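Given chain E, work out where chain C should sit, using these hints.
Each chain, letter by letter, is given below.
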Amino acid sequence: MRALCWHGKGDIRCDTVPDPEIEDARDAIIRMTSCAICGSDLHLYNHFIPGMKDGDIMGHEFMGEVVEIGSSVSNLKVGDRIVVPFTIICGECEQCRRGNFSVCERTNRNASLAAKAFGHTTAGLFGYTHLTGGYAGGQAEYVRIPYADTTHVKVPEGLTDEQVLFLGDIFPTGWQAVVQCDIQPSDTVAIWGCGPVGQMAIRSAILLGAKQVVAIDCVPERLSMAQAGGATTIDFDEESVIERLNQLTNGKGPEKCIDAVGLEAHATRSIDSVVDRAKQAVMLESDRPHVLREMFYVCRPAGVVSVPGVYGGLIDKIPFGAVMNKGLTIRTGQTHVNRWTEDLLRRIQEGQIDPSFVITHTVGLDDGPEMYETFRDKKDGCIKVVLKPH
Amino acid sequence: MPHHQEAHRPAADTVARGLGWFSLGLGAVELLGAKSLARWMGLDKHEALIRAYGAREIATGIGLLTSRDPGPWMWGRVGGDALDLAILGTALSDRDAETDRVVFATAAVAGVTVIDVLCAQSLDASRRNESDRHWDYGDRSGLPRSPTQMRGVARDFEVPRDMRIPEALRPYDQAQRRPL
Chain E
1 MRALCWHGKG
11 DIRCDTVPDP
21 EIEDARDAII
31 RMTSCAICGS
41 DLHLYNHFIP
51 GMKDGDIMGH
61 EFMGEVVEIG
71 SSVSNLKVGD
81 RIVVPFTIIC
91 GECEQCRRGN
101 FSVCERTNRN
111 ASLAAKAFGH
121 TTAGLFGYTH
131 LTGGYAGGQA
141 EYVRIPYADT
151 THVKVPEGLT
161 DEQVLFLGDI
171 FPTGWQAVVQ
181 CDIQPSDTVA
191 IWGCGPVGQM
201 AIRSAILLGA
211 KQVVAIDCVP
221 ERLSMAQAGG
231 ATTIDFDEES
241 VIERLNQLTN
251 GKGPEKCIDA
261 VGLEAHATRS
271 IDSVVDRAKQ
281 AVMLESDRPH
291 VLREMFYVCR
301 PAGVVSVPGV
311 YGGLIDKIPF
321 GAVMNKGLTI
331 RTGQTHVNRW
341 TEDLLRRIQE
351 GQIDPSFVIT
361 HTVGLDDGPE
371 MYETFRDKKD
381 GCIKVVLKPH
Chain C
1 MPHHQEAHRP
11 AADTVARGLG
21 WFSLGLGAVE
31 LLGAKSLARW
41 MGLDKHEALI
51 RAYGAREIAT
61 GIGLLTSRDP
71 GPWMWGRVGG
81 DALDLAILGT
91 ALSDRDAETD
101 RVVFATAAVA
111 GVTVIDVLCA
121 QSLDASRRNE
131 SDRHWDYGDR
141 SGLPRSPTQM
151 RGVARDFEVP
161 RDMRIPEALR
171 PYDQAQRRPL
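Quick mapping for you: the protein sequence lines, in order, are chains E and C.
So for the first sequence, UniProt numbering puts the first residue at 1; every next one is plus one.
So for the second sequence, UniProt numbering puts the first residue at 1; every next one is plus one.
The shape of chain C in the complex, shown without the other chains:
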């Protein structure tokens, strides 16, 4: 029998879309305010790198907001976070860096990384659940008896003349020299 189903969007999916908007916002800030951001952290020479990260964030944000499956894009975000943390870790040993501010930025990125990882894992889990769920319609034949028993029940149907296969192409019995 048909079943009733209420469709819904999983929570992780909603969080992923939210992070997509966050990526767009952060990307815009990094892209447009790279100079100020670099100066604030005392990393003036990394301005171009910050701008490149901004472009990456915007691309990820668009991917998260437009794709049917945000899972791969979430793992892309996690990869980006790892890169950010690595660069910030290196910056800590930079003599020109504003250490307090770099530590603050590192803590913020670490926090976001935790959210990204949890969200990506949750999306993976919901996808696994969906593919593991087995919908078996093996009892839905629509026929009153087995297909074998129902085979040919409608042979009383006369195929209209305009839909018959051409006589020359009908199965042919070579021995009897006539159509099968």
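Chain E on its own, in the form it takes in the complex:
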């Protein structure tokens, strides 16, 4: 089969690789109908996340049709259409029973590696680093789904791939980012980053009833999409984020702040980011935390900071004095996808939202490597790429 494989920094190729096979009774194989390039794929593409190996198959946002199932999978049958959450879950461990699916204790087959890096294991993830299991990803014609009886969302009749594909990652990720802010009707929510997760967070904040949503970015088309979703926008190339946020909140700052940027904040737009980039180059720091610094500084005392953006390792010069003295609450984590999918699927069916609005490019798998470059460089108005493997 064809698959997009990682071969080093900035080097993704469409290779021919062996077809996946059932390896365990809880496995299923799906034939891909749609998959997407996610913002966090770029952290692998740019090699900021360690633990990748030559030839790893990329992709953790995908859906398709079941073509084969293991002997103990009783709730799926051949022909079912499913969306696959990017977090692989057992459904039985203590964390899964609590709904903390992204820290499932059993699905990371490299649990000892994760424990060394993070102190404890986290869930296995598709198409990601070997720290999270090194499972083959979904930017391919076929993929094996481990723990398939729990790691799936069945797609009801009448919904297109484009409407439901993002249930596997960016929609629940944006939703969880807002849910963990516990939105109050009086809240101003500031969202850094108007990429796909930021866009979903903007709509989620509107649907959950925030009084004011402010979106921060510097890319005109992303800001225009943010405005369409109901956000007031700040172009950080044109004005001071801190000053504008204070102006929009009568000097009090936003109650809720969301980092939908993560470890690759623009390297040249602020002095601290330039210093972070230099440190990254000589391995003195792994991530660029400009957004975290700005959020901690501007967030209203007793406010909530929510971090869906991916961070990989170590960060410097964090104003934790501001966090402590202002009594901020920090909530973060990979997304507990299955905790939200039933509710979000209902909202899509009821027409409250159509997540396909974010798709700007649809191409075949062979064009995937070039689309990685286009997406990374934000060229050609690119916000979200969907790949059609067949």
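Derived from the structure by calculation, the hints contain no laboratory data.
Warning: the hint list may mix true and false statements.
Okay, the calculated beta carbon distance ranges per label pair [as the list claims (entries may be wrong)]:
{"no.": "1", "chain 1": "E", "residue 1": "ARG277", "chain 2": "C", "residue 2": "ALA28", "range": "47 to 53 angstroms"}
{"no.": "2", "chain 1": "E", "residue 1": "VAL282", "chain 2": "C", "residue 2": "ASP139", "range": "43 to 49 angstroms"}
{"no.": "3", "chain 1": "E", "residue 1": "GLU21", "chain 2": "C", "residue 2": "THR14", "range": "25 to 31 angstroms"}
{"no.": "4", "chain 1": "E", "residue 1": "ARG277", "chain 2": "C", "residue 2": "THR148", "range": "37 to 43 angstroms"}
Bear in mind the structure is a predicted one, so any value in this text is a computation, not a measurement.
Positions of the beta carbon are idealized from the N, C-alpha and C atoms, including for glycine.
For chain C alone, coordinates are given in the frame of chain E:
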């Protein structure tokens, strides 16, 4: 609606990468063969200068081949060409110079300079076109009605207990002495 897009690398970009390889080759020749080159042109006393130019060419070549935007590096090449032409022009009045060979070298550098300028201008133009193109997604709300009308539609959602903000931090009505 989503649109289909075929990605491609602009021609000027490809030429710039080609010139990057040319810079590497020329730089290596200047760096390693500075002595022979200086003798060939009758400019023995400029051997160190030729070697320095070789190092500059190699740096420019690496920049052209590794940067996402080769435009600034192309203008760097043009600057280097101007310097080369100035030095060669001075060399023409040098009594020890092999005039025919210096004229030949000057003509070659002038030819390359024309290519460099055209390529740099073309890269600038394509960058301007890219930034001038306005992608307006102002009609992509993803919501069935205006955001104002959709505000709070999902208030039926019950925030899980472990994700609620601490009671002590909830908005508080001082007059009523209770959470808002």
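Quick rundown of the hints versus the structure:
A hinted range of 47 to 53 angstroms for the beta carbons of ARG277 (chain E) and ALA28 (chain C) is inconsistent with their spacing of about 30 angstroms. Range check, VAL282 (chain E) to ASP139 (chain C): Cβ separation about 46 angstroms, and the 43 to 49 angstroms hint holds. Remark: the range hint 25 to 31 angstroms for GLU21 (chain E) to THR14 (chain C) is contradicted by a beta-carbon distance near 42 angstroms. For ARG277 (chain E) and THR148 (chain C), the hinted distance range of 37 to 43 angstroms is satisfied, since their beta carbons lie about 40 angstroms from each other.
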